[in-house]
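Take these sequences, add in the hints, and give me the full structure.
In order, the protein sequences belong to chains C and X. Under our numbering, the first residue of the first sequence carries the number 15, and numbering increases by one thereafter. Under our numbering, the first residue of the second sequence carries the number 246, and numbering increases by one thereafter.
Don't read these hints as lab results, they were simulated from the structure. Glycine residues also receive a C-beta, built at the ideal position from the N, C-alpha and C atoms. Worth double-checking, as some hints may not be accurate.
To be verified - Reference listing, derived: stretches of chain C covered by chain X, where coverage requires no fewer than 3 residues with Cβ under 8 Å from a Cβ of chain X:
id, segment
1, 105 to 116
2, 155 to 166
Stated by the list, open to error - Here are some chain X residues the structure puts well away from chain C; computed CB gaps all over 12 Å:
id, residue
3, Ser249
4, Gln365
5, Asp372
6, Ile380
7, Asp542
8, Ala565
9, Ala635
10, Asn724
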Amino acid sequence: MKIIACQGLPYRELNREVRRLVAAGEDRLWLRGVNGQRYIAAGLTGRVQLRIEGTAGNNLGAMMDGPAVYVDGNVQDGAGNTMSGGEIVVRGSAGDIAGYAMRGGRIFIQGDAGWRVGIHMKSREEQAVLVIGGKAGDFLGEYMAGGTIVVLGLYQTLPREAEAANPLAGNYLASGMHGGVIYLRGRIPAWQIRGQVQTSLTIPEESPRLQTWIEQFADRMGLDCSALRRETFTCLTPQGARPYAHLYDHSA
Amino acid sequence: MPRSLIPPEFLVVRDEERCLQCKACVRQCGFGVHREEPGRGLWADEARCVNCQRCVGMCPAGALQITANTGIGRENAYWTAGRLREIWRQAESGGTILTSMGCDRNYPVYFDHLLLNASQVTNPSIDPLREPMEIRTFLGRKPEKLDLAGPPGEERLTGSLPPMVRLEMPVMFAPMSFGSLSRNAVLALAQAAKKLGILFNTGEGGMLSALAPYGEHMIVQVASGRFGVDRAYLEAGRIIEIKIGQGAKPGIGGHLPGEKVNEEIARTRGIPAGADAISPAPHHDIYSIEDLRQLIDTLKEATDYQKPVAVKIAAVHNVAAIASGIVRAGADIIVLDGLRGGTGAAPKLIRDHIGLPIELAVAVVDRRLREEGLREQVSLVAGGGIRSTADLLKIICLGADAVYLGTAALLALGCHLCQKCYTGRCSWGIATQDPELVRRLDPEWGAARLVNLLTAWQHELKEFMGAMGINALESLRGNRLQLRGVGLPQNELDQLGVKQAGEAM
Chain C
15 MKIIACQGLP YRELNREVRR LVAAGEDRLW LRGVNGQRYI AAGLTGRVQL
65 RIEGTAGNNL GAMMDGPAVY VDGNVQDGAG NTMSGGEIVV RGSAGDIAGY
115 AMRGGRIFIQ GDAGWRVGIH MKSREEQAVL VIGGKAGDFL GEYMAGGTIV
165 VLGLYQTLPR EAEAANPLAG NYLASGMHGG VIYLRGRIPA WQIRGQVQTS
215 LTIPEESPRL QTWIEQFADR MGLDCSALRR ETFTCLTPQG ARPYAHLYDH
265 SA
Chain X
246 MPRSLIPPEF LVVRDEERCL QCKACVRQCG FGVHREEPGR GLWADEARCV
296 NCQRCVGMCP AGALQITANT GIGRENAYWT AGRLREIWRQ AESGGTILTS
346 MGCDRNYPVY FDHLLLNASQ VTNPSIDPLR EPMEIRTFLG RKPEKLDLAG
396 PPGEERLTGS LPPMVRLEMP VMFAPMSFGS LSRNAVLALA QAAKKLGILF
446 NTGEGGMLSA LAPYGEHMIV QVASGRFGVD RAYLEAGRII EIKIGQGAKP
496 GIGGHLPGEK VNEEIARTRG IPAGADAISP APHHDIYSIE DLRQLIDTLK
546 EATDYQKPVA VKIAAVHNVA AIASGIVRAG ADIIVLDGLR GGTGAAPKLI
596 RDHIGLPIEL AVAVVDRRLR EEGLREQVSL VAGGGIRSTA DLLKIICLGA
646 DAVYLGTAAL LALGCHLCQK CYTGRCSWGI ATQDPELVRR LDPEWGAARL
696 VNLLTAWQHE LKEFMGAMGI NALESLRGNR LQLRGVGLPQ NELDQLGVKQ
746 AGEAM
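Here's what the structure looks like:
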């Protein structure tokens, strides 16, 4: 394992060093003292493992395809932006636009995620998956075209009756969704369900894919999530593939 | 109640004496106008006709003619036939009227009010048949200075230059996606770009796998929907272009109608087949110039600073300040798409009522960047309604490095400008995904026509330059002294930075 001391290192130098080491065949890197450096692992390919200590800056792992990035800390905006493959594990919270337009790979966030998370997620042969341990902000899964988002709400301490006023995701949840699936723990208030999605209820025990993602999340975080097996989850899927077709006159 | 109040826009006139009853028209029409029914024979459902001229062109007997239906009723100079039709259509459908191609309204065309200069006696014109003329150009950030080292006479460049891309002529094919265009149309553009030593642009729909051999001549686009954007895609092209806006629909996103999203397109874009391919209006990771800088940097990091990054915007009222911000955000190329820029699908009113003519946009951006000392840091590409070599010359004199050709390229492929690309029924096989229609366009035939067009333009370009006594494109860029305005008020001349015809140097 190669260690890079990142304290005070400008992002271009840090990222050039990461690329150089990966090109030289290094398969495990330990980035210590990361303090907001941007674009770490952006566009990186291969099977390399990156362990990051500190707070990773914007667009961590953007457009990357393959590496496994483990962050002992928080990440700023754009983690996994337009990512194609690989895995990002965040042992803290993530900022806005995590997983924007990601089309493959997995992102596991132990804490909360910000706004506009998972917008326009897509899917290829391999399913893109984004699991959030806490809550997410507004516009979660907007324009979603593929892939899976799971919000676990592990840190909800509110009594059941107060949950409806404090949902796990914010306003404009899944607006314009035309592909993929979102699972939110518990029931969601009626006002959050927009015309473009349909909802159903499930429990992980009866939904093997959901169960798989929860187990993977628990494994990455070293948590015991077995209590979730019989918890109710709301499942959001698109009503149709063309949420806005009615707005236009398509005649010749 | 009547089914529809909308009279047909066009009338199909069939010369019964010439007609051979061969039914070529029935087979050729992509819109289902020509039909044959027992007892009725050949007839035309004129309400469906878009005047694409396919039947006229393919009728072996020359028996068909399409004419405008002028008998709409009580249209007048204010309530035009087009306006009446649109209101009736919206009253029937409740939807926004869609259209395609570029703005066709009668706004001033500055190209047609600009005249070029030529040399007479005091400085000689140059004969392009005898003298070499340099029409190559390089796109990308230019260094502020060159570091040379070595003994006198044998100096060599030290250090590295920013990535630049050579064009054999200052013309590229505009971004048009696989999805809006057929596979064969995209292949024709790619083949022609390779033969001509220029570039084509994938548009925002990702990369058709068959385009891999044309990577050296390809610009890959990253738009708000991020369709097809992965590592291989970013690596494949010479230039990465961030699409912020499009001249035909500034400020709004894109919808590739589900009618055109077949299995192959769905796979290329990573969305369900039959779904509308939705590009949100903004990139949701770009809400400011600072955010734009981060996407530019991300793309450069992801490709190890090996490729110029372009940013394409629609020309809007504040374009000069926006362009200045884009250069400061680190873009190597700015693309301005003017009012006349085309589209595969856009709301008609947006297309026709938003934007800035490209002539003004290029002039004000070039001036602003020069004033701020930024002009050499960036290449300026102009798109949106370039119709001829004359337009090309004029826009270069106003400050552009190169142009994008969209509409003109499609016309070379057989487009007849019916503006119905959004229906996916293009009878010419260009803007359709219907396999029966797509195979009408042979990529080799199309590429040969594009090469012909631009070979002619190359020669014209050299003749114009020779006439001006200029033998290198570099001497023409932003050279407003070569232009004079006719019939323009002073404030328009000022915006263009051009003198009134009659004024001397």
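Results of checking the hints against the structure:
Using a Cβ-Cβ cut-off of 8 Å, 3 residues of the segment 105 to 116 of chain C lie near chain X, which meets the minimum of three, so the contact claim holds. Coverage of the segment 155 to 166 of chain C by chain X holds. Counting CB-CB distances below 8 Å, 4 residues qualify, and the rule asks for three or more. A Cβ of chain C approaches the Cβ of Ser249 (chain X) within 12 Å, the least distance being about 10 Å, so the stated non-interface status is violated. No Cβ of chain C comes within 12 Å of the Cβ of Gln365 (chain X); the nearest lies about 53 Å off, and the non-interface call holds.
Every CB of chain C lies more than 12 Å from the CB of Asp372 (chain X), the least distance being 50 Å, so the non-interface label holds. Distance check for Ile380 (chain X) against chain C: the nearest CB is about 35 Å away, which clears 12 Å, and the non-interface claim stands. Listed as a non-interface residue, Asp542 (chain X) fails to keep its Cβ farther than 12 Å from every Cβ of chain C; the least gap is roughly 6 Å. With a cut of 12 Å on Cβ distances, Ala565 (chain X) stays outside the contact zone with chain C, its closest approach being about 28 Å.
No Cβ of chain C comes within 12 Å of the Cβ of Ala635 (chain X); the nearest lies about 34 Å off, and the non-interface call holds. No beta-carbon of chain C is positioned within 12 Å of the beta-carbon of Asn724 (chain X); the least distance is around 37 Å.
Going through the hint list in order, the structure does not satisfy hints 3 and 7.
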